[in-house]
Amino acid sequence: MSAQDNPAATQLFSLLESRYAMRVLRALSDGHPQTFRLLQDSVGGVTPNTLNTRLKALRAAQLVEHSGEGYRLTHQGHDLARRLGDVQGFATKWAQQQARSTVLSMHTPAQPSL
2 MSAQDNPAAT QLFSLLESRY AMRVLRALSD GHPQTFRLLQ DSVGGVTPNT LNTRLKALRA
62 AQLVEHSGEG YRLTHQGHDL ARRLGDVQGF ATKWAQQQAR STVLSMHTPA QPSL
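Here our numbering is used: the first residue of the sequence shown is 2, the next is one more, and so on.
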């Protein structure tokens with residue numbers, strides 16, 4: 002399936018590729034609301050302007066909401082964070098497989114060319 006076949010996935014991936022977007026989702030995934038300042042500390046290294054821009058985009062996408070207690074994930078945001086956790090598990094296994102393949106190829110003698 003190409004990106005053209007699924008514009009919704011393309012739109013979601015574009016949002017998630019935005020700098021710090023996934024860090025914001027991860028920081029809020031524990032379910033506890035966070036103030037702007039606490040969220041900035043949780044995300045780490047983000048300027049107030051960039052965090053504000055990212056929060057606006059995530060709120061517009063209905064993944065993050067703001068209440069009197071602070072920012073938190075919506076139901077959709079929690080669903081996405083859970084699914085991203087599944088991807089992280091896959092990525093860990095995949096990276097280990099890649100590392101094993103690299104080590105094996107380094108120890109396998111090259112075949113002579115004819």
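It is worth saying that the hints were derived from the structure and are not from the lab.
Ideal placement from N, C-alpha and C gives every residue a C-beta, glycine not left out.
Check the hints yourself; a few may be wrong.
Have a look at the derived ranges for each label pair, beta carbon to beta carbon [what the hints assert, rightly or not]:
hint: 1; residue 1: Ala100; residue 2: Leu13; range: 43 to 51 Å
hint: 2; residue 1: Ser102; residue 2: Gly69; range: 46 to 54 Å
hint: 3; residue 1: Pro34; residue 2: Met107; range: 47 to 55 Å
hint: 4; residue 1: Trp95; residue 2: Asn50; range: 29 to 37 Å
Hint check:
no., hint, in the structure
1, Ala100 with Leu13: 43 to 51 Å, "29 Å, violated"
2, Ser102 with Gly69: 46 to 54 Å, "51 Å, holds"
3, Pro34 with Met107: 47 to 55 Å, "49 Å, holds"
4, Trp95 with Asn50: 29 to 37 Å, "35 Å, holds"
In the structure shown, a violation is registered for the earlier hint numbered 1 alone.
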